[in-house]
Amino acid sequence: GQQVMQIPQYQHVQEGEDFTTYCNSSTTLSNIQWYKQRPGGHPVFLIQLVKSGEVKKQKRLTFQFGEAKKNSSLHITATQTTDVGTYFCAASTSGTYKYIFGTGTRLKVLA
Amino acid sequence: DGGITQSPKYLFRKEGQNVTLSCEQNLNHDAMYWYRQDPGQGLRLIYYSQIVNDFQKGDIAEGYSVSREKKESFPLTVTSAQKNPTAFYLCASSVGDQPQHFGDGTRLSIL
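So the protein sequences, as listed, match chains A and B.
Residue 69 in the working numbering sits at position 69 of the first sequence; the count goes up by one each step and never skips.
Residue 2 in the working numbering sits at position 2 of the second sequence; the count goes up by one each step and never skips.
What the hints contain is simulated information worked out from the structure, not anything from laboratory work.
Mixed in with the good hints there might be a few duds.
[As the list claims (entries may be wrong)] Cross-link-like lysine to aspartate or glutamate pairs, in silico, EDC-like; alpha carbons within 16 Å at most: (1) Lys-98(A) with Asp-54(B); (2) Lys-59(A) with Asp-18(A); (3) Lys-98(A) with Asp-30(B).
[As the list claims (entries may be wrong)] According to the in silico footprint, chain A covers these stretches of chain B (three or more CB under 8 Å from chain A): (4) 36-49; (5) 72-82.
A virtual CB, placed ideally from N, CA and C, is assigned to each residue, including glycine.
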């Protein structure tokens, strides 16, 4: 079945450093979503990517969808303590509402 | 998340007992989902429903059952066949394959 791998599993950075998490699928995707979950909370939607090679930015966050639509990345520039949490990708294949979530990357930012 | 209500927030199950987790949404979303999250882990799909009176198994449906008799409601029953039910259960809803809105979750433990 479809698998979605996310790396790294954990990342500790000093405040102000950059951070990147990668999401890789074994199959071609229809679209990919990114979510952030704060400790003790529920996932909150960040962005959806649909087109091959798509790049979207939200302030310090940059999201990319690979040309082959099998991988994606989230990059945070100059991390802040408010960026702490776990970042998940969620991947979907065509013709279904079913999403497979990646294993997540837990980010800790040291002040 | 606004519009999705999960109850109860905490639930304790005795051995051999079935328990039902409630999920109600007033967002007029067609699709609803149930996920299980274990400590430090990602989200795994239990069941999802794209329309009323229809639902599909996710990756870990064994020991769980659902119903979708109304558009706004998607209750999850954790049966006695689920031998390791302790987890954080998250309900979500969406319009088609658009971003999912999550409830605050239910934490289930075994007595």
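Hint check:
1. Lys-98(A) with Asp-54(B): Roughly 14 Å between the alpha carbons, so the hint for Lys-98(A) and Asp-54(B) holds.
2. Lys-59(A) with Asp-18(A): holds, 13 Å
3. Lys-98(A) with Asp-30(B): holds, 13 Å
4. 36-49: holds (count 7)
5. 72-82: Contact hint for the stretch 72-82 of chain B vs chain A: violated, 0 residues under 8 Å.
Going through the hint list in order, the structure does not satisfy hint 5, though it satisfies all others.
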